[in-house]
Amino acid sequence: DKAKSTAGLYIHIPFCGRKCLYCDFYSKVPRTGEIEAFLDALGVEARLRNKGKFELLNYDSIFLGGGTPSLLSAAQIKSLFKHIRSHNQISPSAEITIECNPSSIQIELLKAYKELGINRISLGVQTFNDTHLEMLGRLHDSAEAKASFKEIKLAGFENISIDL
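154 is the number of the first residue of the sequence shown in my numbering; add one for each residue after it.
Please keep in mind that the hints were generated in silico from the structure rather than gathered at the bench.
No incorrect hints appear here.
Each computed DMTMM-like pair below joins lysine to aspartate or glutamate, with the alpha-carbon atoms no more than 25 Å apart:
(1) Lys235 x Glu261
(2) Lys306 x Glu268
(3) Lys267 x Glu297
(4) Lys264 x Asp316
Quick list of the computed label-pair ranges, beta carbon to beta carbon:
(5) Pro245 x Arg171: 35 to 41 Å
(6) Met288 x Val182: 17 to 23 Å
(7) Pro245 x Glu198: 23 to 29 Å
(8) His285 x Pro245: 36 to 42 Å
(9) Asn211 x Thr284: 45 to 51 Å
(10) Gln259 x Asp316: 18 to 24 Å
(11) Gly161 x Ser239: 17 to 23 Å
(12) Thr284 x Ser226: 30 to 36 Å
The C-beta atom is built at its ideal place from N, Cα and C for all residues, glycine as well.
The whole structure should be built from the sequences, with the hints applied where relevant.
Here it is in C-alpha cells:
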C-alpha cells in the first residue's frame, strides 16, 4: 500500500558563510539569489520525483544537512517545508533535524523551526578550544557556541546533538 510506505529524507543545503578547512562536504558561499534558485529547483524536483510510486511517501525522519542549513532565513526554511509537505506526508512522530552553526543561531530562526515541526538541532561546534576553532576556519568561538546551546534550550528544544 503506497499510502503506508515510510521513508527518511535527507536534504543537503550546500551553502555556508565560509568554507571550513577540514570540511569535505560539498559547500560554497552563496552568491546573491543562489539560495532562492536552489530552493526553487528543490520544489521542481519534489514535484517530478513524487509522481507515481513516490507520491504517497510518509516521512518518519527528515534531516537537513550541509553545508549550513541554518544559513537560510526563516522564510526560506518555511518555503522548503512547503515543498516537502505539498508532495509528501510527514509522520506526526517524525524526527526532524536541522544542522546549525553557532554563528547563525537566531531566536527568530529557532521559533520558525519549532513552528515547522523541527524537533532536533544538530549544533556544529567542532571544538570548544578557541585556538583550534580559529585554525579550522570556524565563524564562532567557544563562548558563542555555549551561548547558542543555551538559546536552543531556551527556545524549547530538548533533542540537541553537538558535533565535536
